[in-house]
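Novice: Here is how the chains run, residue by residue.
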Amino acid sequence: MPIIVNLDVMMARRKMSLNELSEKVDITLANLSILKTGKAKAIRFSTLEAICNALDCQPGDLLEFSKE
Amino acid sequence: MKKRTETILKVLNVFAWIAFIALMVKSGAVLFAYSYTIAQPNSAKDFYEHQNLYPLMQYNFWQYTTSIILRAAIPAIQSYTAFLIIKVLSRIKLSNPFTMEVANILEKISYFILAAWIVAVIYNSHASWLINEIPGLQLPKESGDSIFLAGVVFVIAQIFKKGVEIQNENELTV
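These protein sequence lines are chains A and B, in that order.
Just so you know, my numbering puts 51 at position 51 of the first sequence, and the rest follows in order with no gaps.
Just so you know, my numbering puts 174 at position 174 of the second sequence, and the rest follows in order with no gaps.
Be a bit skeptical, because a hint or two may be false.
Estimated spans, in silico, between C-beta atoms of each pair [what the hints assert, rightly or not]:
hint	chain 1	residue 1	chain 2	residue 2	range
1	B	Ile122	A	Leu63	52 to 60 Å
2	B	Lys87	A	Gly38	31 to 39 Å
3	B	Phe15	A	Leu48	47 to 55 Å
4	B	Ile122	A	Leu48	56 to 64 Å
With a cut-off of at most 25 Å between alpha-carbon atoms, the simulated DSS-like pairs for lysine-lysine come out as follows [said to hold, decoys possible]:
hint	chain 1	residue 1	chain 2	residue 2
5	A	Lys67	A	Lys24
6	B	Lys26	B	Lys45
7	B	Lys2	B	Lys141
8	B	Lys93	A	Lys41
9	A	Lys39	B	Lys161
10	B	Lys108	B	Lys26
11	A	Lys41	B	Lys108
12	A	Lys41	B	Lys161
13	A	Lys36	A	Lys24
14	A	Lys39	A	Lys24
15	B	Lys162	A	Lys39
For the record, the hints were derived by calculation from the structure and aren't laboratory data.
Quick reminder that beta carbons are idealized off the backbone N, C-alpha and C, glycines included.
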């Protein structure tokens, strides 16, 4: 998919584990894993807002467009 | 509501099994009667369901064979369709009903209903021609209105496929 999710990069920058993020944003580990591995088909604004809040970043830091 | 649907599906499963076995028996009986008439040509006078097919057999053996094969093929295809319905009913889970496997089987069912209709149309045309050719010959006609059913099942299969896509998208929305 041309949209790349850089969640793992941001988590590494903030030194935050998936478990920790899961607790902070109140999203199951399974769903966060779907997002992290790029399997997700869509992301809700509420989820994006919660992740941006937890990682103290902008949506553009998490999502990237690539022409492949 | 879920309990009621589960009960309906179980009852339908039983009906599908009955239809599958009955149609298999019908097809088998026609083929068995045909093979018996090869050994005992006189038995064609009292063929399956008391039809006198002896004049047809005397007229042309290959026309007789074609007619019987077409006649046996219709319940055979229908029984396979019933088998596919059994497969759908056994695979479907009410907690997660939209799966690509079920959608593909539904589409396959519509193709087989269409195939049964095509064979029925060929059989009916052949039977009409034989009735004109052989005076006094009586051949039963097959119902030829299943094309509508095939269309309906095909449309349902396409809607089901869309449902599968929506469900997948919903499951992969975080």
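Novice: Taking the hints in turn, state whether each one holds.
Specialist: For each hint, the structure was consulted:
| no. | hint | result |
| --- | --- | --- |
| 1 | B:Ile122 / A:Leu63: 52 to 60 Å | 58 Å, holds |
| 2 | B:Lys87 / A:Gly38: 31 to 39 Å | 34 Å, holds |
| 3 | B:Phe15 / A:Leu48: 47 to 55 Å | 50 Å, holds |
| 4 | B:Ile122 / A:Leu48: 56 to 64 Å | 60 Å, holds |
| 5 | A:Lys67 / A:Lys24 | 33 Å, violated |
| 6 | B:Lys26 / B:Lys45 | 19 Å, holds |
| 7 | B:Lys2 / B:Lys141 | 42 Å, violated |
| 8 | B:Lys93 / A:Lys41 | 24 Å, holds |
| 9 | A:Lys39 / B:Lys161 | 20 Å, holds |
| 10 | B:Lys108 / B:Lys26 | 22 Å, holds |
| 11 | A:Lys41 / B:Lys108 | 28 Å, violated |
| 12 | A:Lys41 / B:Lys161 | 17 Å, holds |
| 13 | A:Lys36 / A:Lys24 | 16 Å, holds |
| 14 | A:Lys39 / A:Lys24 | 22 Å, holds |
| 15 | B:Lys162 / A:Lys39 | 19 Å, holds |
Going through the hint list in order, the structure does not satisfy hints 5, 7 and 11.
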